[in-house]
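> Input sequences plus hints: build the corresponding full structure.
Heads up: the protein sequence lines correspond to chains A and B, in order. Reading the first sequence from the start, the letters are residues 911 to 1099 in the working numbering. Reading the second sequence from the start, the letters are residues 39 to 379 in the working numbering.
These aren't lab readings, by the way, just hints derived from the structure by calculation. Glycine included, C-beta positions come from ideal geometry on N, C-alpha and C. Be aware that one or more of the hints could be misleading.
[Claimed, not checked] Interface residues of chain A toward chain B, partial, derived using beta-carbon atoms under 7 Å:
{"hint": "1", "residue": "943"}
{"hint": "2", "residue": "946"}
{"hint": "3", "residue": "1047"}
[Unchecked claim] DSSO-like, lysine-lysine: derived pairs with alpha carbons at most 27 Å apart:
{"hint": "4", "chain 1": "B", "residue 1": "283", "chain 2": "B", "residue 2": "223"}
{"hint": "5", "chain 1": "B", "residue 1": "291", "chain 2": "B", "residue 2": "379"}
{"hint": "6", "chain 1": "B", "residue 1": "224", "chain 2": "B", "residue 2": "161"}
{"hint": "7", "chain 1": "A", "residue 1": "1045", "chain 2": "B", "residue 2": "283"}
{"hint": "8", "chain 1": "B", "residue 1": "223", "chain 2": "B", "residue 2": "258"}
{"hint": "9", "chain 1": "B", "residue 1": "205", "chain 2": "A", "residue 2": "1045"}
{"hint": "10", "chain 1": "B", "residue 1": "258", "chain 2": "B", "residue 2": "224"}
{"hint": "11", "chain 1": "B", "residue 1": "283", "chain 2": "B", "residue 2": "379"}
{"hint": "12", "chain 1": "A", "residue 1": "1045", "chain 2": "B", "residue 2": "379"}
[Said to hold, decoys possible] Short, incomplete list of chain A residues facing chain B, as computed with Cβ under 10 Å:
{"hint": "13", "residue": "944"}
{"hint": "14", "residue": "988"}
{"hint": "15", "residue": "991"}
{"hint": "16", "residue": "992"}
{"hint": "17", "residue": "994"}
{"hint": "18", "residue": "995"}
{"hint": "19", "residue": "996"}
{"hint": "20", "residue": "997"}
{"hint": "21", "residue": "1000"}
{"hint": "22", "residue": "1042"}
{"hint": "23", "residue": "1044"}
{"hint": "24", "residue": "1045"}
{"hint": "25", "residue": "1046"}
{"hint": "26", "residue": "1050"}
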Amino acid sequence: MSAAGGGRLRLDIPRALVCCALTVALSACEREARRFDETAAKSVPAEPVRLSPLQPGGATPAPQMRNRAEDNAYAVSQGQRLFTAFNCVGCHAHGGGSIGPALMDDKWIYGQEPRNVYASIVQGRPNGMPSFSGKIPEAQVWQIVAYVRSMAGYLGSAAAPSRTDSMSAAGPEATRDPQPPRQTSTPQP
Amino acid sequence: MSARLNFASSVLAALSGVAYGAPFQNALLPAGVQADHVHTLWLIMLGTCTVVFIALFTAFVAALWRAPRSTEETPPQTSRTTGTERGATRAVALGAALSIAGLLGLLVASVVTDRALAGLPLKDGLVIEVNGQQWWWQVTYAPGDPSRTFETANELHIPVGRPVLLKLQSPDVIHSFWVPNLAPKKDLIPGRTLTLTLRADTPGVYRGQCAEFCGYQHAKMAFLVIAEEPAQYEQWAQSQHDSAKEPADAVRKRGRQVFMESPCVMCHAIQGTRANARTGPDLTHVASRMTLAAGTLPNTRGHLAGWITNPQQVKPGANMPAVTLPADDLQALLTYLESLK
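Here it is, written out as structure tokens:
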């Protein structure tokens, strides 16, 4: 082999390493996994949701939980499909709200954490939000939760839809900035 | 079509039939006028290409045979040829002329077939709307006439001898509607309505298949076309138009209750009940159909139970979620669904 060829070979090693690292990183990426075999459990929240911030001896922070669907582009797009199929759009429109509250803004009556949104869907809420308890398999509720949160910009742009399925002045979900949540009215138990 | 061609085509059909199980799906055995046109064109192309193949092969063998060979006495000829070879020029000119004539002939045959396909008289035609979606076929009869319209899935019944106008639509991605025995393919393009005309001339059950790759379960997106006598068709259409019967006994009543209380009701409709979602197939007369899950499973109680409790095993990626039910409830639900003839 000539000296020039050897020099080129030495140059290629770091590039090859970068390629390998990228391949490993991308193949481990959660974004594209399609978990079709998730068995449907009864749709009940894993733990009760607090409807009051008051607690004796000062508030203890609620335990953190992670919605697996929020890292997964397929799950979020399924949530987007179900949001229309189950007629969430009938009241919330495509996030802008009509007779139901808007979901893409910073106002959250019952909380914006995945667990809170899950509870609102499964339990229903006074003044019109129906309870979908037992009617939607648990995995699908989590998909809808992921999509609802994507509308207010809480999901990473890797997983949130980069193309809206409807006319929207706000642009696709992946491009939205997170809206700092604020409580706007007292939750009614 | 000559008798010899007919014989050749039936031999080919029999050979290709070995590869297909029932139900019947075979482009070489046309059962309707449109498929007949396509089949004739196919035979013309097959005949032309066979002649070309034999002629070329014969010329090739003859050239090898006639090539000058060197022996011990005659050394190999290595001198360069100069000037034009008149024989070769003639042969190339003849070959080019024949190729152009053959291709032009095929072009004319293709255009004539296309005109014949477009020329099917549609007087007194039956209009059916077909919505191909991931991964099943929604079929609406008499669209736009609320007093006569009804919906079914993955199964078209058509009367023999009457032209049918299919309006093809897709709400998600591109699919393609193909019943080889009855008509050529036609794509379903989102946002557009395309039409396909056909007429079945021989009664029978013909299998159709999505012919444009459309995602994970493209292969399991089949349907059946049942061509039957007009009187039989009218009877079927009348029974499909009726709402679902009231459950006759306590088990079926319980089954209907299970349906309404479980995730089934979020996507499926049963006319005559409060279930009227339109995301999944209409189940008003589900028991009258021959297959489940778009031609994937035969419609039996056991397959239905498997499909409800674990659809992702049968058809991974389908939009039907697994529904877990207590054994008694599942049996009641199955009994109820089986009664929806």
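> Taking the hints in turn, state whether each one holds.
To see whether the hints hold, each was checked on the structure:
no., hint, in the structure
1, 943, "violated, 12 Å"
2, 946, "holds, 4 Å"
3, 1047, "holds, 4 Å"
4, B:283 <-> B:223, "violated, 37 Å"
5, B:291 <-> B:379, "holds, 16 Å"
6, B:224 <-> B:161, "holds, 21 Å"
7, A:1045 <-> B:283, "holds, 24 Å"
8, B:223 <-> B:258, "holds, 17 Å"
9, B:205 <-> A:1045, "violated, 34 Å"
10, B:258 <-> B:224, "holds, 18 Å"
11, B:283 <-> B:379, "holds, 9 Å"
12, A:1045 <-> B:379, "holds, 25 Å"
13, 944, "holds, 7 Å"
14, 988, "holds, 8 Å"
15, 991, "holds, 8 Å"
16, 992, "holds, 9 Å"
17, 994, "holds, 9 Å"
18, 995, "holds, 4 Å"
19, 996, "holds, 6 Å"
20, 997, "holds, 8 Å"
21, 1000, "violated, 12 Å"
22, 1042, "holds, 8 Å"
23, 1044, "holds, 6 Å"
24, 1045, "holds, 6 Å"
25, 1046, "holds, 6 Å"
26, 1050, "holds, 6 Å"
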